[in-house]
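Asker: Here is what each chain is made of, one letter per residue.
Number of protein chains: 2
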Amino acid sequence: MPVDSTATAEVTAFRWVPDFAQGLVRDLRVRWALEEIGRPYSVRLLDATKPRPEEYFCEQPFGQVPAFRDDQVQLFESGAILIHLGSQDERLLPTDQAQKMRAIAWLIASLNSVEPAIFPLLMINIFNKGEPWTEDARPKFLERLHSRLKCMSEALGDKEWLEDRFTIADLMLVTVLRQLRGGRVLDDFPNLKALVARGEARPAFQRALADQLSVFAENQPEPQPA
Amino acid sequence: MPVDSTATAEVTAFRWVPDFAQGLVRDLRVRWALEEIGRPYSVRLLDATKPRPEEYFCEQPFGQVPAFRDDQVQLFESGAILIHLGSQDERLLPTDQAQKMRAIAWLIASLNSVEPAIFPLLMINIFNKGEPWTEDARPKFLERLHSRLKCMSEALGDKEWLEDRFTIADLMLVTVLRQLRGGRVLDDFPNLKALVARGEARPAFQRALADQLSVFAENQPEPQPA
Numbered sequence: 001m002p003v004d005s006t007a008t009a010e011v012t013a014f015r016w017v018p019d020f021a022q023g024l025v026r027d028l029r030v031r032w033a034l035e036e037i038g039r040p041y042s043v044r045l046l047d048a049t050k051p052r053p054e055e056y057f058c059e060q061p062f063g064q065v066p067a068f069r070d071d072q073v074q075l076f077e078s079g080a081i082l083i084h085l086g087s088q089d090e091r092l093l094p095t096d097q098a099q100k101m102r103a104i105a106w107l108i109a110s111l112n113s114v115e116p117a118i119f120p121l122l123m124i125n126i127f128n129k130g131e132p133w134t135e136d137a138r139p140k141f142l143e144r145l146h147s148r149l150k151c152m153s154e155a156l157g158d159k160e161w162l163e164d165r166f167t168i169a170d171l172m173l174v175t176v177l178r179q180l181r182g183g184r185v186l187d188d189f190p191n192l193k194a195l196v197a198r199g200e201a202r203p204a205f206q207r208a209l210a211d212q213l214s215v216f217a218e219n220q221p222e223p224q225p226a
Numbered sequence: 001m002p003v004d005s006t007a008t009a010e011v012t013a014f015r016w017v018p019d020f021a022q023g024l025v026r027d028l029r030v031r032w033a034l035e036e037i038g039r040p041y042s043v044r045l046l047d048a049t050k051p052r053p054e055e056y057f058c059e060q061p062f063g064q065v066p067a068f069r070d071d072q073v074q075l076f077e078s079g080a081i082l083i084h085l086g087s088q089d090e091r092l093l094p095t096d097q098a099q100k101m102r103a104i105a106w107l108i109a110s111l112n113s114v115e116p117a118i119f120p121l122l123m124i125n126i127f128n129k130g131e132p133w134t135e136d137a138r139p140k141f142l143e144r145l146h147s148r149l150k151c152m153s154e155a156l157g158d159k160e161w162l163e164d165r166f167t168i169a170d171l172m173l174v175t176v177l178r179q180l181r182g183g184r185v186l187d188d189f190p191n192l193k194a195l196v197a198r199g200e201a202r203p204a205f206q207r208a209l210a211d212q213l214s215v216f217a218e219n220q221p222e223p224q225p226a
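Chains R and P, in that order, are what the protein sequence lines are.
Take 1 as the starting number for the first sequence in my numbering and just add one per residue.
Take 1 as the starting number for the second sequence in my numbering and just add one per residue.
Just to be clear, a hint being listed does not mean it is correct.
The list cannot tell twin chains apart, which means a pair is met if one copy fits it or any two copies do.
Distance condition first, Cα-Cα at most 30 Å in a straight line; then the derived DSS-like pairs of lysine-lysine [stated by the list, open to error]: (1) Lys50 / Lys150; (2) Lys50 / Lys140; (3) Lys140 / Lys129; (4) Lys193 / Lys129; (5) Lys150 / Lys140; (6) Lys129 / Lys150.
Derived from the structure by calculation, the hints contain no laboratory data.
Note that the structure is predicted; figures quoted are calculated from it, not measured.
Based on the provided sequences and hints, a complete structural model is requested.
Answerer: The structure is reproduced here in structure tokens:
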């Protein structure tokens with residue numbers, strides 16, 4: 001079992017987050033990759049409900065999770081951590097330069113061409129929910145997201161994974177698209193839904209998800225008196 | 001002079017774009033990197049004012065520029081192209097794994113933690129300009145951008161570049177922050193403004209910018225009759 005408090009590889013994660021974020025926090029990406037290669041890691045927990053300690057910003061400039069360190073690197077940004085892990089293990093990322101760079105291109109496409117089209121909808125549907133402007137803004141941002149998903153769907157076609165086999169590119173796309181759970185926008189793209197399902201069916205994903213969720217369950221805040 | 005129609009490395013770019021996008025189109029990132037290492041490249045021009053040819057989506061799934069190819073790779077996403085070029089030339093990216101991955105982490109921070117906070121403001125200020133919802137939406141998205149820039153500013157501090165020396169991380173951050181030209185949000189972060197100015201002062205940047213702009217000047221559409 002990769003979670004091992006004596007491991008030299010360390011991932012930061014939150015002790016607890018509200019329901020809408022459970023199973024989506026980005027340490028999941030790193031946990032999943034580590035599970036794919038059976039590499040042990042320890043978890044350092046931070047409190048998401050309080051400001052992060054000042055010194056944490058040296059590790060993660062935005063105060064987010066995950067930060068990662070092992071005996072080679074000290075890193076932030078889940079995308080970079082995945083590239084690092086991939087550069088150490090061919091099961092995550094091919095060593096051939098052409099194939100390796102294709103996977104990195106898809107990974108960055110998820111981070112810079114797909115996920116940025118999702119973020120305004122999180123503002124509209126969660127963080128600023130109910131504010132009048134969100135009703136008129138929603139269709140504009142949904143249209144943008146739809147056009148990006150259409151391109152991804154056409155690029156994936158009927159392939160099992162983005163390139164010949166599972167890589168960190170698929171891992172990233174699956175975790176990005178999972179942020180759309182609860183909405184209906186993926187209904188128009190059955191092949192993307194099927195990709196997410198294939199990713200979620202992988203035993204490594206299942207273990208990573210269970211480990212993230214078990215921390216939240218253990219640290220569930222006491223219900224407030226009514 | 002790197003632009004050379006016989007070069008095997010090829011970058012796609014637009015023949016012409018409106019003023020607000022001139023000097024910001026993302027082939028600039030790749031041109032700049034190639035200029036830094038004096039590597040020749042040819043340019044294949046696409047028409048931004050018409051739908052892209054169907055077959056172009058095989059090269060660039062979102063129909064955007066740049067796509068890139070050389071004798072090793074066929075790539076899209078400017079971030080991935082910079083990592084590829086960096087992996088071939090230490091002047092762009094250190095070879096030591098710890099230093100290399102730090103630069104990649106900063107590059108991805110620009111693409112996934114900073115630029116996504118800029119994109120909704122382009123929707124608000126340019127693509128949906130004047131629509132009533134944009135007035136109420138603007139402060140919400142500006143606040144988010146401001147908090148991300150504050151983190152980047154504190155991380156940069158009084159350093160010249162993000163890490164010990166200029167890398168693709170700085171190149172990416174400078175080109176991302178240049179999208180804020182014309183606005184005042186960078187006024188609160190003099191060290192980020194100074195970083196942009198240092199980047200823009202590099203001779204390689206100047207040549208890359210001049211080459212992008214000269215194509216637009218040559219292909220300026222005829223004024224429409226009034």
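Asker: Using 30 Å as the alpha carbon limit, work out where Lys140 and Lys129 are close: within a copy, between copies, both or neither.
Answerer: both (16 Å within a copy, 12 Å between copies)
Asker: Are the CA atoms of Lys50 and Lys150 at most 30 Å apart within a copy, between copies, both, or neither?
Answerer: The answer is between: 18 Å across copies meets 30 Å, while 39 Å in one copy does not.
Asker: When no copy is named, should Lys129 and Lys150 be tagged within, between, both, or neither for a Cα gap of at most 30 Å?
Answerer: both (26 Å within a copy, 25 Å between copies)
Asker: Classify it for me, Lys150 with Lys140: is the Cα-Cα distance of at most 30 Å met within a copy, between copies, both or neither?
Answerer: Both, since 16 Å and 28 Å are each at most 30 Å.
Asker: What label fits Lys50 with Lys140 when the C-alpha limit is 30 Å: within, between, both, or neither?
Answerer: between (34 Å within a copy, 21 Å between copies)
Asker: Evaluate Lys193 and Lys129 at a C-alpha cut-off of 30 Å and name the case that applies: within, between, both or neither.
Answerer: within (26 Å within a copy, 34 Å between copies)
Violated hints for the displayed structure: none, as all numbered hints are satisfied.
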